[in-house]
Amino acid sequence: MESVKEKDAYLSDFFDFEKAQVNAEPAWLRDLRRDAMTQFSTLGFPTIKDEAWRFTNVAPIARTQFRPGPGPEQVVNRDDLDALWCGNLGVPRVVFVDGVFRSDLSDGCDQAGLVVGSLRDAWREREATRAYYARQAGYFDHAFVALNTAFAADGAYIEVASGTVLEQPVHVLFVATRQEQPQRIHPRALVVVGRSSQVTIVESFSSLTDGVYFCNPITEVIVGDNSTIDHYRLQHESGEAYHVGMNQVVQGRDTNYRTTALDLGSALTRNDLACVLNGEGGHAELNGLYLLDGKQHVDNFTTLEHAKPHCDSRELFKGILDGEAKGIFRGRIIVRKGAQKTDSKQTNQNLLLSDDALVNTKPQLEIYADDVKCTHGATIGQLDSTALFYLRSRGISKAAARSLLVYAFASELIDSIKVPVLRDQMIEYLTDWLPKGSLVKEVFEG
Amino acid sequence: MLKIKNLHVKADDKEILRGIDLTVEPGEVHSIMGPNGSGKSTLAQVLAGRDIYEVTEGQILFDGKDVLELEPEERACEGIFMAFQYPVEIPGVSNTYFLKAAINAIRRHRGEQEMDAMEFLELVREKIELLHIDEELLKRPVNEGFSGGEKKRNEIFQMAMLEPRLAILDETDSGLDIDALKTVAEGVNALRSPDRAIIVVTHYQRLLNYIVPDFVHVLYQGKIVKSGDKQLALELEEKGYSWLEGESETAQPVG
Chain A
294 MESVKEKDAY
304 LSDFFDFEKA
314 QVNAEPAWLR
324 DLRRDAMTQF
334 STLGFPTIKD
344 EAWRFTNVAP
354 IARTQFRPGP
364 GPEQVVNRDD
374 LDALWCGNLG
384 VPRVVFVDGV
394 FRSDLSDGCD
404 QAGLVVGSLR
414 DAWREREATR
424 AYYARQAGYF
434 DHAFVALNTA
444 FAADGAYIEV
454 ASGTVLEQPV
464 HVLFVATRQE
474 QPQRIHPRAL
484 VVVGRSSQVT
494 IVESFSSLTD
504 GVYFCNPITE
514 VIVGDNSTID
524 HYRLQHESGE
534 AYHVGMNQVV
544 QGRDTNYRTT
554 ALDLGSALTR
564 NDLACVLNGE
574 GGHAELNGLY
584 LLDGKQHVDN
594 FTTLEHAKPH
604 CDSRELFKGI
614 LDGEAKGIFR
624 GRIIVRKGAQ
634 KTDSKQTNQN
644 LLLSDDALVN
654 TKPQLEIYAD
664 DVKCTHGATI
674 GQLDSTALFY
684 LRSRGISKAA
694 ARSLLVYAFA
704 SELIDSIKVP
714 VLRDQMIEYL
724 TDWLPKGSLV
734 KEVFEG
Chain B
4 MLKIKNLHVK
14 ADDKEILRGI
24 DLTVEPGEVH
34 SIMGPNGSGK
44 STLAQVLAGR
54 DIYEVTEGQI
64 LFDGKDVLEL
74 EPEERACEGI
84 FMAFQYPVEI
94 PGVSNTYFLK
104 AAINAIRRHR
114 GEQEMDAMEF
124 LELVREKIEL
134 LHIDEELLKR
144 PVNEGFSGGE
154 KKRNEIFQMA
164 MLEPRLAILD
174 ETDSGLDIDA
184 LKTVAEGVNA
194 LRSPDRAIIV
204 VTHYQRLLNY
214 IVPDFVHVLY
224 QGKIVKSGDK
234 QLALELEEKG
244 YSWLEGESET
254 AQPVG
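Heads up: the protein sequence lines correspond to chains A and B, in order. Going by the numbering used here, the first residue of the first sequence is number 294, and it counts up by one from there. Going by the numbering used here, the first residue of the second sequence is number 4, and it counts up by one from there.
Honestly, the hints are just simulated from the structure, not real lab data. All of these numbers come straight from a predicted model, not from anything done at the bench. Check the hints yourself; a few may be wrong.
[Claimed, not checked] Residues from chain A that face chain B, not an exhaustive set, calculated with beta carbons under 10 Å:
1) I660
2) D663
3) V665
4) Q675
5) D677
6) S678
7) S690
8) S704
9) E705
[To be verified] To spell it out: a stretch of chain B is covered by chain A in this simulated footprint if at least three of its residues, at any positions, have a beta carbon under 8 Å from a beta carbon of chain A; those stretches are:
10) 64-77
11) 212-220
12) 233-242
Ideal Cβ placement from N, Cα and C applies to all residues, glycine included.
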């Protein structure tokens, strides 16, 4: 009966939370929250008996008594943020501390064609929120989406007007603070891009603590016809943190959506990435790199839905696992009836650096159209011993040769990062992570 | 310079080398010939330090140092170089940068100053001319998408860059057309010097028309069954390797 008690705690938290929101929120949102909470109560936390959660046991999250965030406000200044990995990308930065917008720490909110700021304000002021908010990320069958929808008190709202091309990326930084008691935070982001626009968004999840907390972020992205979005998601949570979230994307006609998820931190991570190609001529590129050691666990569950004809999708997820780390990859591709001329390619490659690291990978194709091209491939391997010998026979030490090959494995994804500062920071991160990383840098930078 | 004494080597519990004795002095070029499966490549790889082979008996000394105690990279730093029979493709690692890292690793080991970008580039220019290598090739990942001939030339280019004291060419000539073969031979000959030794492992005598050896050794069933000068290579070319079978029955009984 553990699970009932757990749910009761969340329910009682919800009533307190709802009371505090009275009069501050529109009625439609209140109804939505209630609905989501009811749904969470019905669903409860998933267990490993649920097919979609077979390899990721969230019992430690269910068992822990998290205090609903944000907790007592901690002093956070710009220097603290600049010191974070990818805390300062040299572009306008919009900051959320424990899920709550901080205008005093944010800049770049006033740009032509761009609305960026607090979702809490947008709920009241922007019509688009009512039309789009929580319409994409379904909470009926996903307990963690329901949980976020019930509790998200604030978040990021990004609206790009039609015909807007933004030269500089928008950086949305979610940061967790140090708290006495483990807290749970439910960051939310809604991105609505109009027609024929172009924008790069960097979402990052970082922390000012190395302690335990539970981050449960949901991002919804609506890509208007003929628009292009580059979307980076950096997960660099505390090593003790839990990170269970979703990125839900809906693409219109003739759109380009490219995303790269970098999973570096957190003890247990589950990312649901769902992308619907909902207009003809859409192109989706879903990339991911996970770099794990110790007992880290990362589960990437991707769903790519080809709903309309003449769309193509490319999916490349790469994992580097050391220690006793675990990596899970599920790649669902659904081709709806009538989605002819679909061209889809999915690849998951994993490199095991230790005997105790573990990977489970599985493609899942559901094809209801008959004129489609869908390929998938998965590999799990160790460093090539012949290649290692080759490098060593030229005078390069064993540790450096190993690092060189690991770096080479990751380089395809790193090179695909189009924001130079971000790419440099990722190279920095990886070369720090690898033994003899300075030599690797020498080799790759001349 | 190099002394191999009674070397016995096993792989997968099968004895491949069964007592090799070989002495190589500075300035000499030795050729090791023999039929497929005689153990030529094994000998080359054991010298370079491949760990899939197990040395069960014997000794390899390089300038008096016990080579078997050294890691492959330490051997490289001491000046041993092997040109691979099958050069390895390493996607994602550029040829040039890899070589610069290798040169500087060796220099650091020797307590020498690292080469800067300018010096390195000058050296590259000098050596690619020698080996007729397209500069574009060097910007590409190591051996990736190279033709067979390009891979072999790249091995010799690496050798020219690293300037080893003992170079072992493991069937560098196999599969090359005559132009590529001449280029490779030119590259090797350019490196001949009184303080450098070269071991040419080959299946075919043809290469030895261009790289003229001082000594020729015939390896058969894991042993050197005959040694001589370049005349021996010509003899082998004429007679093939089949005559060895009779030779070995008297000289080297199997078992």
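Status of the hints after comparison with the structure:
no., hint, in the structure
1, I660, "violated, 31 Å"
2, D663, "violated, 36 Å"
3, V665, "violated, 29 Å"
4, Q675, "violated, 15 Å"
5, D677, "holds, 8 Å"
6, S678, "holds, 8 Å"
7, S690, "holds, 5 Å"
8, S704, "holds, 4 Å"
9, E705, "holds, 7 Å"
10, 64-77, "holds (count 3)"
11, 212-220, "violated (count 0)"
12, 233-242, "violated (count 0)"
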